[in-house]
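Enquirer: Sequence:
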Amino acid sequence: CVRLTREIISQPAMDAYRGSEIQPGEGVQSDSDIDAFVRSAVESAYHPSCACRMGEDSMAVVDSETRVHGIEGLRVVDSSIFPTITNGNLNSPTIMLAERAADIIKGKGMLEASQAVVGLGYEWESKQRSTSAS
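For the sequence shown, position 48 matches number 48 in the numbering used here, and the numbering has no gaps at all.
No wet-lab data here; the hints were simulated from the structure. Every value quoted in this text rests on a predicted model; they were computed, and no experiment measured them. A virtual CB, placed ideally from N, CA and C, is assigned to each residue, including glycine. Please note: incorrect hints may appear among the correct ones.
[Stated by the list, open to error] Distance windows between CB atoms, simulated: (1) 20 <-> 108: 52 to 62 Å; (2) 74 <-> 42: 27 to 37 Å; (3) 21 <-> 57: 42 to 52 Å; (4) 18 <-> 117: 53 to 63 Å; (5) 118 <-> 72: 32 to 42 Å.
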């Protein structure tokens, strides 16, 4: 990846945009030096999640009540047990997971289903734009 990036950036079409190499630096050329740089500098730029699968199969880390398989008294209650990464920030879904896990730990059951109307604002029938052409 480092060598390919250097090759792309060294093309004449990139002349106007190229400055001096910041990292790993022009002195880092051998495979072993590049590997050492990558090992020391690599990090995730995203929110880590989905690494501790929930389920009952042999690949699962936790069960549906967030208990770690095979270790009594240990739970995982964070975004690592999400099945797939969310399209947005992990904060709110992680809080919801933690709230549900707290209820499970306390022995509280599921909340009753709400019958509230969702998505309809106050006076929505009279406040909508007209769909007919005037």
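Enquirer: Enumerate the violated hints, using their earlier numbering and listing them in ascending order.
Expert: Violated hints: none at all, because every hint is consistent with the structure.
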